[in-house]
Amino acid sequence: MKWNGWGYSDSRFLFNKKGQAEFTGKRYRLSGMIIPGLKDWMESTFGANLQHKTQATPALNSSAVQPPTLNEVFVEELKSTGIPFSHEAEDRVFRGHGHCLHEIFALREGKIGRVPDMVVWPSCHNDVVKIVELACKHNVCLIPYGGGTSVSSALECPPEETRSIVSLDTSQMNRILWIDEKNLTAHVESGIVGQDLERLLNESGYCTGHEPDSMEFSSLGGWVATRASGMKKNIYGNIEDLVVHIKMVTPRGVIEKSCQGPRMSTGPDIHHFILGSEGTLGVVTEVTIKIRPIPEYQKYGSVVFPSFEQGVACLREVARQRCAPASIRLMDNEQFKFGHALKPQVSSIFTSFLDGLKKFYITKFKGFDPNRLCVATLLFEGDREKVLQHEKQVYDIAAKFGGLAAGEDNGQRGYMLTFVIAYLRDLGMDYYVIGESFETSVPWDRVLDICRNVKARIVQECKDKGVQFPPLSTCRVTQTYDAGACVYFYFAFNYRGLSDPVHVYEQVEVGSALVLSHFFQPIMGKLRKEWMRETVSSVGMGMLKSVKDYVDPNNIFGNRNLL
Amino acid sequence: MANTDGGWDKANLQNEAEFMDILEDQRHCSDLRFAFRTFSPPPYKGGPTCSTPELNRAVLDSQYLRYVIQEVAVETGSSLEEVRDEADKTLQEMSQNLQLRFIRLMAFTFRKVFKRLFSAIYVNMEGLNALQQAAQEFPVILMPNHRSYIDFLVVSYILFTYDIPLPVIAAGIPLAGMKMVGEILRRSGAFFIRRAIGSDKLYWAVLSEYVRTIVKSGFAPLEFFVEGLRSRTLKSLPPKLGMMHMVLEPFFKGEVYDVTLLPISISYDRVLEESLLAHELLGVPKPRESTTGLLKASKVLQESYGRMHVNFGRPLSVRKLCEGKINRCQYNLLPRDLPQKPNAEAQACTSWLAHLIVRIQEEGSLTSPWSLMACVLLQVPATALTEQGLLFDQLTEKTLWLRKLALDCGAHLSWPEKVSDSEVMSSTILLHHSIVYRKAGCVYLVRADEPERKHPISPEEDVMRTAAAFLMLASYRNQCLHVFVRPALLALAISITKSTQRDEIFTCFCFLQEVFSYEFIFIPGRSTQDFEEACSLLEKCKAAHVSQWEVTVSDTGLEVLSFLQELLKPFIDSYQLMFRVLCEERDGSFTEKEFLPAVRSVATKLIISGKLQTYEALSSDVQKNVLSAMRRLGAVTKIKTSESLEYKVNKSAVRRNADMLAGRIPPQIVQAVPDARL
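Protein sequence lines, in the order shown, are assigned to chains A and B.
First residue of the first sequence? That's 1 in full-length UniProt numbering, and the numbers climb one at a time after it.
First residue of the second sequence? That's 1 in full-length UniProt numbering, and the numbers climb one at a time after it.
It is worth saying that the hints were derived from the structure and are not from the lab.
Treat the hints with care, as some may be off.
[Claimed, not checked] Lysine-lysine pairs mimicking DSS-like chemistry, simulated, CA-CA at most 30 Å apart:
hint: 1; chain 1: A; residue 1: Lys465; chain 2: A; residue 2: Lys337
hint: 2; chain 1: B; residue 1: Lys112; chain 2: B; residue 2: Lys240
hint: 3; chain 1: B; residue 1: Lys240; chain 2: A; residue 2: Lys337
hint: 4; chain 1: B; residue 1: Lys89; chain 2: B; residue 2: Lys216
hint: 5; chain 1: B; residue 1: Lys45; chain 2: A; residue 2: Lys358
hint: 6; chain 1: B; residue 1: Lys640; chain 2: B; residue 2: Lys341
hint: 7; chain 1: B; residue 1: Lys216; chain 2: A; residue 2: Lys400
hint: 8; chain 1: A; residue 1: Lys400; chain 2: A; residue 2: Lys358
hint: 9; chain 1: B; residue 1: Lys45; chain 2: A; residue 2: Lys400
hint: 10; chain 1: A; residue 1: Lys290; chain 2: A; residue 2: Lys232
hint: 11; chain 1: B; residue 1: Lys320; chain 2: A; residue 2: Lys465
hint: 12; chain 1: A; residue 1: Lys2; chain 2: A; residue 2: Lys18
hint: 13; chain 1: A; residue 1: Lys386; chain 2: A; residue 2: Lys364
hint: 14; chain 1: B; residue 1: Lys89; chain 2: A; residue 2: Lys465
hint: 15; chain 1: A; residue 1: Lys337; chain 2: B; residue 2: Lys640
hint: 16; chain 1: A; residue 1: Lys182; chain 2: A; residue 2: Lys343
hint: 17; chain 1: A; residue 1: Lys359; chain 2: B; residue 2: Lys45
hint: 18; chain 1: A; residue 1: Lys343; chain 2: B; residue 2: Lys624
hint: 19; chain 1: B; residue 1: Lys201; chain 2: B; residue 2: Lys638
hint: 20; chain 1: B; residue 1: Lys45; chain 2: A; residue 2: Lys366
hint: 21; chain 1: B; residue 1: Lys216; chain 2: A; residue 2: Lys366
hint: 22; chain 1: B; residue 1: Lys640; chain 2: A; residue 2: Lys529
hint: 23; chain 1: B; residue 1: Lys45; chain 2: A; residue 2: Lys364
hint: 24; chain 1: A; residue 1: Lys465; chain 2: B; residue 2: Lys253
[Said to hold, decoys possible] Not the full set, but computed from the structure, chain A residues with beta-carbon under 10 Å of chain B:
hint: 25; residue: Arg372
hint: 26; residue: Leu427
hint: 27; residue: Asp430
hint: 28; residue: Gly435
hint: 29; residue: Glu439
hint: 30; residue: Ser441
hint: 31; residue: Pro443
hint: 32; residue: Asp449
hint: 33; residue: Arg452
hint: 34; residue: Val454
hint: 35; residue: Arg457
hint: 36; residue: Gln460
hint: 37; residue: Lys529
hint: 38; residue: Glu530
Heads up, the beta-carbon is just placed ideally off N, CA and C, and yes, glycines get one too.
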């Protein structure tokens with residue numbers, strides 16, 4: 001894994017000696033391929049130039065890391081439990097950040113702020129109980145760490161924290177404890193990473209179907225703590241629909257339900273204090289989660305619409321008829337072009353001829369404006385027969401909104417983009433381009449307005465802040481619900497000529513968050529917690545605060561998220 | 001404080017803009033060729049625009065209208081179809097039908113007419129360029145001031161000339177009634193609004209949805225007169241808020257990212273309707289808008305009207321202006337398609353913006369030599385003007401003095417360059433031969449011809465002969481009143497309070513702003529800034545010293561101060577007169593129809609006896625403003641009786657206002673009733 005960038009060390013984008021973009025490694029479909037369009041796209045979109053490169057600090061300089069503040073008695077007693085721990089600079093730095101732009105940017109420049117003073121690796125629920133007890137006894141601050149994929153500053157150590165900060169890394173708690181085939185549930189330790197969970201379950205013929213975009217690296221405990229949403233939630237549900245039972249260790253003791261009933265009416269659901277608590281109340285150690293047999297058949301698909309407006313109208317209709325496939329996403333024109341730029345080099349003249357033909361058909365014959373069209377990507381799952389039937393139903397609806405089926409390949413590439421886009425940000429940063437993404441959910445009638453307004457705000461903020469090239473400002477509708485949709489925004493810009501790019505970027509982000517401020521923010525962390533009171537009202541804040549005060553009066557879980 | 005106003009402050013207004021004479025530019029090209037020029041405005045980036053039928057369809061099919069139609073159907077007991085047909089009819093009556101062909105026709109005619117009427121039409125190119133940019137980004141609202149019928153299409157004409165998308169224009173329904181002309185206007189982009197809408201729910205719904213749809217879809221720039229009416233007195237009118245709110249609502253509700261407001265100041269050397277307006281103010285009813293009337297008026301077209309200045313203001317971002325003024329979260333919890341009364345915050349924000357626009361229109365307008373001369377002439381005793389005459393040299397000297405004062409007060413002058421001052425004076429008098437003439441080195445006021453009658457005319461009739469010319473003069477003075485109004489109110493407050501205490505003077509200043517709130521337009525909630533502005537201007541003219549606690553008159557400033565006080569004297573005198581009339585009402589209640597003639601007859605008597613110096617008390621505009629101001633201050637209340645509207649006077653309150661205005665008792669800040677005009 002990279003210490004100052006996204007993902008695996010062997011996988012990265014780079015420009016080879018011929019000036020062509022290439023994705024290294026063997027892990028992804030795109031790995032080892034040449035991507036001829038990327039260079040032009042970067043140059044024309046951002047005004048980036050291959051001659052202008054900024055190198056990241058290649059290796060961590062341990063002397064830049066502050067020496068750890070250790071609580072000696074705590075360390076002594078921890079030693080006696082036999083739970084492994086470390087205060088090596090590298091271990092501490094690695095767990096002191098998530099993947100916000102400002103965090104990665106600082107690391108690339110070799111700047112390191114407050115990081116945890118030590119890291120512990122419990123290997124089971126009981127280890128966690130011991131650690132939390134010791135932490136309470138010696139007043140040590142604990143910050144739970146799962147996959148480290150936070151994008152809301154949730155892992156940042158509060159600079160005002162004077163106690164010793166211990167990062168509680170759950171990565172060793174990664175076993176499936178049992179599978180209950182009669183009830184279709186699995187009991188799993190919280191540190192397991194998404195792709196491992198799927199792989200292990202697949203071995204028994206099952207899956208959870210929970211696939212957040214970060215599933216390669218994010219952990220089950222993290223999903224619970226942040227109310228994660230999965231790409232295929234239309235079939236499997238989001239994490240709150242998937243969990244049946246949660247065990248969490250808090251300073252007050254262990255919280256769990258005494259039964260596994262599928263639904264209870266015993267007052268407010270205590271799971272909902274845990275879901276989304278972002279590590280402020282305790283550590284999730286074990287989760288019972290629903291599982292499903294692996295689907296028989298999977299099929300990607302895509303639809304091209306003449307305009308984003310029509311695309312949204314189609315998604316709305318699909319939601320109205322409640323016939324959404326496992327996943328349906330609508331990319332705007334900018335993102336469509338972006339996806340296009342990531343097409344790998346085609347091997348045969350025939351394919352490129354076919355591509356040309358398709359393009360001709362859509363733009364010339366059907367009269368789609370290449371600067372307005374947008375594309376929806378689809379993923380169907382289930383019985384072969386039902387999938388085909390379902391597929392027809394969705395394509396029929398799409399046709400009513402001027403949509404044209406555009407093949408499986410486009411669909412699949414759309415989903416692949418999700419996994420590689422985080423790698424692309426690192427490439428951008430090599431060439432003075434910084435970017436970030438954020439997500440929101442809105443009622444259906446405001447989807448178009450929000451998309452347009454947020455994008456306009458980004459463009460304007462960049463202009464006002466002296467960014468010289470127009471930014472990339474793009475969005476996609478990622479999820480559909482009965483009453484609304486989730487929208488995911490990406491923005492990126494070329495920061496050459498700016499003295500403090502991260503500050504500019506933050507202002508742009510705050511600006512766009514202002515547009516969104518009155519809508520639901522999926523993950524607050526520390527990044528957006530200033531909006532919390534406005535979003536949930538003062539009474540709501542008071543309720544959360546009183547829970548915190550009861551469960552953790554001494555603020556042992558002191559990452560200061562949310563409140 | 002500048003920050004809280006969303007970055008608006010005086011410094012932001014363009015200074016010496018580069019004006020270009022568009023007639024000069026076009027005189028070389030034939031009218032026909034001009035009309036058939038290729039018109040290709042840059043496209044709107046917000047999305048493709050729709051056609052007029054599509055626009056109307058979208059309005060009729062809107063969720064909002066469907067909801068209101070249902071409500072109205074339930075309330076009136078009619079069927080849904082009936083109400084829908086009614087809505088459809090309303091929309092047909094209202095809807096514009098912009099067609100380029102008719103714009104070409106209009107351009108052709110206008111060019112012919114304009115070239116005859118005006119010696120030049122000056123337009124600031126910088127403003128046009130900014131507008132062209134802005135029109136591509138967000139919905140643009142063109143907001144000209146309204147002084148003449150000419151305003152109505154001149155903006156379209158200019159935009160056509162410079163390849164900027166043509167606006168749809170809000171117009172009064174009487175125009176639609178004109179044969180042919182109504183249809184031509186409609187096809188030139190006008191849409192028509194009834195005058196008294198009152199509580200007609202369906203009409204409001206159709207109108208507001210129509211306006212909102214135009215803004216939301218970026219169909220075309222929308223042009224409307226925020227003052228609501230043509231100003232009969234050439235003075236800004238208190239803005240109307242209904243249309244303003246309709247235009248802002250899509251922004252408040254987040255349906256558009258931003259809305260661009262574009263104030264336009266149109267200034268005339270001489271207004272076509274001058275004598276018509278004066279007679280209207282004297283109680284002669286306005287002729288109904290009709291095509292034959294228009295043709296009859298063609299003798300007006302034989303005259304020359306000097307120059308016209310169209311000053312396009314800087315595009316203003318509503319988003320920026322509203323920052324911190326409105327919390328748009330309130331629109332989240334209700335479906336946006338449901339009818340929703342604007343809350344107090346939205347109303348206040350709308351009102352503030354509307355007033356701001358009027359203020360910017362004022363600052364963007366140009367002050368002509370004639371307007372300055374009118375100020376000077378009105379400070380000369382009436383008899384001097386009608387009988388002895390005023391020495392031309394004296395007029396020149398005083399006007400030039402005033403020119404300097406105006407410049408010090410930040411006025412934009414349209415004083416012709418490269419011409420000697422005396423030539424400017426002479427030509428101005430010639431241009432305004434309907435009001436003044438020069439004979440043997442003296443300037444006289446033109447009086448209406450004596451009617452041929454057997455018996456000699458009565459003194460009352462004689463007053464009316466002079467009154468029209470005086471009211472015209474007053475209107476031209478009003479053109480530049482905004483330049484002086486703040487320092488003048490301060491000068492007045494100094495003389496009323498006879499004090500040097502800054503806070504005492506400030507209290508009086510605020511009181512005057514309240515009393516004259518219908519006379520002069522001030523942005524609500526900005527009294528402190530207005531006062532400070534006034535102070536700094538008086539300091540700049542070396543008329544007063546201002547410290548933290550005191551405002552003291554300086555010896556060198558007497559001329560300036562007395563000029564400023566004299567400038568407002570007609571208003572003070574007229575108001576005092578009307579206060580007296582109000583207090584003398586026998587039973588303490590009256591209708592507007594009774595009040596106006598009563599005031600007129602008292603004023604006429606006083607003018608004849610020489611006790612009243614000003615003819616402006618005869619103006620129905622001033623009379624109505626007094627009533628409105630007194631209502632606002634709670635001294636007069638309006639009662640609806642079965643037959644008519646009646647006013648009830650609280651005599652002691654009126655007397656108190658009169659005493660405060662005369663400086664007999666110290667003014668108190670009166671808490672005015674909030675405006676319920678939205």
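For each hint, the structure was consulted:
no.	hint	verdict
1	Lys465/A - Lys337/A	holds (26 Å)
2	Lys112/B - Lys240/B	violated (34 Å)
3	Lys240/B - Lys337/A	violated (47 Å)
4	Lys89/B - Lys216/B	holds (23 Å)
5	Lys45/B - Lys358/A	holds (28 Å)
6	Lys640/B - Lys341/B	holds (24 Å)
7	Lys216/B - Lys400/A	holds (25 Å)
8	Lys400/A - Lys358/A	holds (21 Å)
9	Lys45/B - Lys400/A	holds (26 Å)
10	Lys290/A - Lys232/A	holds (14 Å)
11	Lys320/B - Lys465/A	holds (15 Å)
12	Lys2/A - Lys18/A	holds (26 Å)
13	Lys386/A - Lys364/A	violated (35 Å)
14	Lys89/B - Lys465/A	violated (50 Å)
15	Lys337/A - Lys640/B	violated (66 Å)
16	Lys182/A - Lys343/A	violated (45 Å)
17	Lys359/A - Lys45/B	holds (24 Å)
18	Lys343/A - Lys624/B	violated (73 Å)
19	Lys201/B - Lys638/B	holds (23 Å)
20	Lys45/B - Lys366/A	holds (23 Å)
21	Lys216/B - Lys366/A	holds (28 Å)
22	Lys640/B - Lys529/A	violated (55 Å)
23	Lys45/B - Lys364/A	holds (22 Å)
24	Lys465/A - Lys253/B	holds (26 Å)
25	Arg372	holds (8 Å)
26	Leu427	violated (30 Å)
27	Asp430	violated (32 Å)
28	Gly435	violated (21 Å)
29	Glu439	violated (18 Å)
30	Ser441	violated (13 Å)
31	Pro443	holds (9 Å)
32	Asp449	holds (5 Å)
33	Arg452	holds (6 Å)
34	Val454	holds (9 Å)
35	Arg457	holds (7 Å)
36	Gln460	holds (8 Å)
37	Lys529	violated (18 Å)
38	Glu530	violated (15 Å)
The structure shown violates the earlier hints numbered 2, 3, 13, 14, 15, 16, 18, 22, 26, 27, 28, 29, 30, 37, 38.
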